[in-house]
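Asker: Chains as they are written, first to last, in my numbering: chain A, 5 to 166; chain B, 338 to 418.
In case anyone wonders, no lab produced these hints; they're calculated from the structure.
Careful: at least some of the hints might be erroneous.
Claimed, not checked - Under the rule of at most 20 Å between Cα atoms (straight-line distance), these lysine to aspartate or glutamate pairs were calculated in the EDC-like manner:
#1 A/Lys131 / A/Glu96
#2 B/Lys341 / A/Glu96
#3 B/Lys339 / B/Asp407
#4 B/Lys341 / A/Glu61
#5 B/Lys341 / B/Asp407
#6 A/Lys131 / B/Glu350
#7 B/Lys339 / B/Glu350
#8 B/Lys339 / B/Glu357
#9 B/Lys339 / B/Glu405
To be verified - Beta-carbon label-pair distances, calculated as ranges:
#10 A/Ala72 / B/Lys339: 38 to 46 Å
#11 A/Asp19 / B/Gly364: 47 to 55 Å
#12 A/Gly137 / B/Ala383: 48 to 56 Å
#13 A/His107 / B/Ala372: 49 to 57 Å
#14 B/Met338 / A/Asp44: 46 to 54 Å
Just so it is clear, the structure is predicted and the values come from calculations on it, not from any experiment.
Here a beta-carbon is modelled for each residue, glycine too, at the ideal position from N, C-alpha and C.
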Amino acid sequence: MEPGIICRMVTAPIDAAALAAEVARNSDGAVATFAGQVRDHHQGRPVDHLEYHAYPEMALEELRRIGADLAARHAVGRMALVHRTGTLAVGEISVLVAVAAPHRREALACCAAAIEEIKRRLPVWKKEFFADGGAPEWVFGPDEACAAAGAPHPPAREITRG
Amino acid sequence: MKVKVRYFALVAEITGCSQETLELPAGATAGGALAAAAARHGRLAAPGFTPLLAVNRRHAPQEQPLSEGDEVAIFPPVSGG
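One chain only, chain B, in its complex shape (with noise of 0.2 Å):
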């Protein structure tokens, strides 16, 4: 299934673009779409670095189940304020 995933802050700066569209295998959850994107952009996988989740627009822990045209967003952790 194809999910598009969207990235921001740091996490943008790391992978050179703010979005792109991934190619996941049925029955992908979000942690598998973090790593699919941390394949292609090594940066992510770096240790100590955990970025975070949301899907459709709500935070999402690694485990949530995708579906086909979900919007995945990978950041730091925030800091707003």
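With the rest of the complex left out, here is chain A (with noise of 0.2 Å):
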């Protein structure tokens, strides 16, 4: 893995400050960061917290291709790419991504190519568990998929309550 990547899959909260600093050097002079949290609602309904499961020993080699991917194809210095496991309450950090680059164009264009890539490609599932006392729900893929197809996967429903 390249020094300047920093991926972690971790379960303690993920300190976003804390993680800019550690990717910034004197040469740079953009730090881009991302922050996925958790939302209080999903599609109408009050959500009270997340649990996110993993293929750990996957996602975390995932992130390293991730980040080698995107380290080639950015002009850019260090990056962290780290994601949160476990149970999490609205407003906590699920995600975070990092970019420090000479220049603010190439720093924000990796971030925000990366959460793309995370999103799509990280082996993370998130469960809701909804506030009204519903029975909780898997999300199927990004929230932006599932909200253009204006449902949450009917049949993948009907199989969890199956």
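From these two lone chains plus the hints, build me the complex, please.
Answerer: Below is the structure:
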């Protein structure tokens, strides 16, 4: 693994400021960060908390592959790709990307590409626990895909309850 | 040949276990491992549900050939982030 790419699967809370500081060098004029956090609602239902499950060995390897791919395509310095698993409360950070670069455009572009790749490839799954007392449900695919489809994969929901 | 099959998230709930060893014919593919798992756990083959596959900790297409001792993973579409 390239020494400038920090990849971690963690269960403890993610410290975004510490990771941003960890990737920045004095030669970098920009540090772009993206933090994904637990939202208090999903498709009109109030969310109480989420459980994140992972295929941990593959997830770490996949983070490293994503980091290496990005480093080859973007003129950036160090980066950090960190995902948390376990039970997360509303407002807690589930995923953090931090990218340092000499200039802002590359830092921002690489940061945006990183979170898209993580959502597309990382073997992690979230289960939503609702504040309305309903049964918990697995989320399938990126939020954007579910929202675009207008429904949370009804067949899978039937499987869950079947 | 024997392969180790691991299940995650909803797939693990369906199978009721996190891993098992499956005996597959020589020349079997990742899709063949999925079919063998679905033969044991019928709800894996429910219409409209398409599990994803990984072989030795890399995403893999159904047609990827397997070797003795491979680690095959079967899981739902990912939803991290």
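Asker: Does each hint hold? Answer for all of them.
Answerer: Results for each hint:
1. A/Lys131 / A/Glu96: Given that 20 Å is the threshold and the Cα spacing comes to 15 Å, the pair holds.
2. B/Lys341 / A/Glu96: Between B/Lys341 and A/Glu96 the Cα gap is close to 35 Å, so the pair fails against 20 Å, i.e. violated.
3. B/Lys339 / B/Asp407: Holds, because 8 Å separates the two Cα atoms, which is no more than 20 Å.
4. B/Lys341 / A/Glu61: holds (15 Å)
5. B/Lys341 / B/Asp407: holds (6 Å)
6. A/Lys131 / B/Glu350: holds (12 Å)
7. B/Lys339 / B/Glu350: Roughly 23 Å between the alpha carbons, so the hint for B/Lys339 and B/Glu350 is violated.
8. B/Lys339 / B/Glu357: Holds, at roughly 10 Å.
9. B/Lys339 / B/Glu405: It holds: about 6 Å lies between the C-alpha atoms, which stays within 20 Å.
10. A/Ala72 / B/Lys339: 38 to 46 Å: violated (32 Å)
11. A/Asp19 / B/Gly364: 47 to 55 Å: holds (49 Å)
12. A/Gly137 / B/Ala383: 48 to 56 Å: Violated: the Cβ-Cβ distance is about 26 Å, outside 48 to 56 Å.
13. A/His107 / B/Ala372: 49 to 57 Å: Holds: the Cβ-Cβ distance is about 51 Å, inside 49 to 57 Å.
14. B/Met338 / A/Asp44: 46 to 54 Å: Between B/Met338 and A/Asp44, where Cβ atoms are some 49 Å apart, the hint holds.
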